[in-house]
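Heads up: the sequence lines are chains V and R, in that order. When the count follows this note's numbering, it moves up by one through the first sequence with no breaks and lands on 112 for the last residue. When the count follows this note's numbering, it moves up by one through the second sequence with no breaks and lands on 114 for the last residue.
Hints are computed from structural coordinates only; laboratory data are not their basis. Do not take every clue at face value.
[Stated by the list, open to error] Simulated DEER-style distance windows between Cβ atoms: (1) R/Q56 with V/D30: 20 to 30 Å; (2) V/N51 with R/A81: 20 to 30 Å; (3) V/G16 with R/S28: 15 to 25 Å; (4) R/I111 with V/E100: 41 to 51 Å; (5) R/Q14 with V/R41: 24 to 34 Å; (6) V/I5 with R/S53: 27 to 37 Å.
Each residue gets a CB set at the ideal place from its N, CA and C atoms; glycine is no exception.
If you want the building blocks of each chain, they are given just below.
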Amino acid sequence: DAGVIQSPRHEVTEMGQEVTLRCKPISGHDYLFWYRQTMMRGLELLIYFNNNVPIDDSGMPEDRFSAKMPNASFSTLKIQPSEPRDSAVYFCASSPHHNEQFFGPGTRLTVL
Amino acid sequence: AQKITQTQPGMFVQEKEAVTLDCTYDTSDPSYGLFWYKQPSSGEMIFLIYQGSYDQQNATEGRYSLNFQKARKSANLVISASQLGDSAMYFCAFAGGGADGLTFGKGTHLIIQP
């Protein structure tokens, strides 16, 4: 398996623009997680899905952030409108059960 | 809310020595899991080892072992025979209380010196 795939790997955009991050989990994994990593706040859970259903979105910063999982092999994290403070590395991870989570390579987002 | 504490912001260790990275947690949940991840300078998150709260034995994976002391709420990572390639950030993480998402510590920056 290719592992968790994220695209794009790098994204530079201007404040106010819409940003869409994409994730393909490992086939057969029932759980999908979105995390954000910044120097100030470290690694934070944003939202996670189980069998394509959002279970906990309490980590989503505000209404500008939304996440979807239309099927078992694809998820998106959207920021609209983006702000400079959204600059971070966004990780997607998937898991077959309650144990290890396998992380994607991350998307480095820079909002100017 | 669960809390994970890593008290060592940075560590310098001589190659081939054993390394212990500290991690303590705070929870009232009886069922939980503890994880360690490695993040090299390239940025990816690499899963190292997992320990369940009900596991009878300490987890081991190759050169990695977890010194799990439940009563003290600590889950220290031990790396035996350290190598230059072990230089990285190491994160301890917790999952419990019926939630599946991970709560991460602030990490320890480990540098292995030749």
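Quick one: which hint numbers does this structure break? Sort them smallest to largest.
Of the numbered hints, 2, 3, 4 do not hold.
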